[in-house]
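Residue-level listing of the chains:
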Amino acid sequence: MSTTSSFGENALVLTENQVDPDPKTSTTPQAPRRRIKRKTWQTAIWFVVLITITAVVLYPLVWLLFSTFKPNSEFGSNMGLLPNAPTLDNYTKVFEGIAGVPMWRFFLNSFIIAAGSVIGVLLSSSLAAYAFARIHFKGLSVLFAAMIGTLLLPFHVVIIPQYIIFQRLDMIDTFWPLLLPKFLATEAFFVFLLVQFIRQMPRDMDEAARIDGAGHMRIFWSIILPLIKPALITCSIFAFIWAWNDFLGPLLYLTSPENYPLPVALRLYNDQTSVSDYGATVTASFIALIPILLFFLVFQRFLVDGVATQGLKG
Amino acid sequence: MSTTATRVIVTGEKSSRRSVFRKSRPERADRPGMRQRATRETLMGYGFLVPWLIGFFGLTLIPMAYSLYLSFTSYNIFSPPKWIGLDNYVRMFTTDPAFMQSAQITLIYVLVGTPIMLGAALGVAMLLNYRSHGGGFFRSAFYAPSLIGGSVSVAIVWRAMFASDGPVDDGLSAIGIDLGGWVGNPALVLPMMILLAVWMFGATMVIFLAGLKQIPRELYEAAEMDGAGAWHRFRAVTLPMLSPVIFFNLLLGLIGAFQVFTAAYIISNGTGGPAGMTNFITLYLYKRGFSDGQMGYAAAIAWVLLIVVAIIAFILFRTQRSWVHYAGDNR
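Residue numbers (the working numbering), protein chains in the order written: chain A, 940 to 1253; chain B, 49 to 379.
What the hints contain is simulated information worked out from the structure, not anything from laboratory work. Hints may contain errors.
As the list claims (entries may be wrong) - Pairs of lysine-lysine residues, derived as DSSO-like cross-links and limited to a Cα-Cα distance of at most 30 Å, are as follows:
1) A:K1168 <-> B:K130
2) A:K1077 <-> A:K978
3) A:K978 <-> B:K261
4) A:K976 <-> B:K335
5) B:K335 <-> B:K130
It should be emphasised that the depicted structure is a prediction, and the values quoted were computed from it without experimental measurement.
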């Protein structure tokens, strides 16, 4: 139920097989000195341009970090980067929580939803992907096309009937409406990603196992799953981050504050405190981002190096 | 066992009719066994797919059909739906100016924002690709916003950044452009939303970069030998070689942009203001369905959204032949 998806969430994953072309081959042997001098200048300009872009792109995040140390009185008067009188008041205030619910509770709720989503996505998507990639069954092509179709389907078309379903099942104000779809592989992105990954794996090992009498369950569990570990890690990271960021799902289904995950809890700050408690709002926003930023720093390689398009491969 | 026996007979009958082929294919001999294996494969296939099938039918396909039905009814979740035919659709396009405005700003956002975002992504990707080393840090730094850009936190930051006397306003005033706050200004709030979308160019850029790295260097060298300048090389080599990636990013970018919700909700406190300028179609659908309890009407809006997205995808796929060049295609 990753609904937010503006642009950009749609990166698909590929193993890192981009060849870095050797820069030396591109420079011709003639006039090496002039070439090199020109190169140095170009490199310098290149760095300056990129550093400028980096500064612009990262400014909002740096601003957010510094703002968490600003006392409330500075909001509105000092919107620059550095606080005049740095303080930790915002943090103590935020940890007390809001609407009678302590901060750790929102954190815990977010964590349960995100971790549950990861488990659900891994189980259901890998099973479905194995079937699509390795089993030849009647109806395969029709169902595969249907799965690709749901990849392009705007999620909002089903929110009303889904809401009615979960309401009838008496699941409003529980985590089930947020978790159940993950256990049923409704996010086609993950299924598709794993299908592509499994298809790249050589079939020799499955065939050898089959000759030895192994069935699909066995091949799936002992051969395919270990082979696709990198893709499973990428899926886990995305599943975690999307569930962590998801706003519409919890907004629809969770009604009592003690069940709120962080994004909906942030809305409480946002609504209640238009001017008066700006510091707490900004600080709570920052705290909600910390796990994702940590994830990003730790798993950068899986996220960025691994992210490229399957569209490239055809 | 009995089913296997029946199968043998059936296969026997069938193959006797085509006995000419039978001789030329010795493996026909184990056909019953293979049949059985095929059945087992099919059973296994569906077995693995059980969760996905439940999700696909129970949470996607049947709900879609149900929401199509609801779109012809008047329904608040408490009393049963009442059939009203096309009234919801007629209302949308004739007596509901809020819907028309919502559709309009959504289209502007999607059709202006996505190309700008793609352009930024391609530009930065080419810049990074200009040198083959040393871009790793920048690539990661630019990627980060697309990971968090859809979150409530970033929407709150964005609103603060573009508020009156916020960092953006201050910065622009310093160079003599006095626009005031963007958040409360109906003329500037949509550009502000588009800037947020553009800010999240990183994931798209990474995909472009991977595509650029796969363009064979010889093509550029050949073009350079023919005396092609930088712009001409871009038009004649980069764009056609990259067109499958552009197509992919454009398709997913457009579809994703239609679904923008969180930022609009947070920035406008759920109202879609100022003057309805952040009332994107998904937010309008949410308000109608869940705040006003007009679920039939909201279902109709959802179906209009689906049809528009389908039309755009269809147009893209149809025009694909004329501008997307796949490798091995001699055009």
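Here is what the structure says about each hint:
1. A:K1168 <-> B:K130: Cα-Cα ~51 Å, so violated.
2. A:K1077 <-> A:K978: violated, 59 Å
3. A:K978 <-> B:K261: This hinted pair holds, its Cα atoms lying about 20 Å apart.
4. A:K976 <-> B:K335: Given that 30 Å is the threshold and the Cα spacing comes to 61 Å, the pair is violated.
5. B:K335 <-> B:K130: Judged against 30 Å, a Cα distance of about 20 Å means the pair holds.
Going down the numbered hints, you'll see the structure goes against 1, 2, 4, while the others check out.
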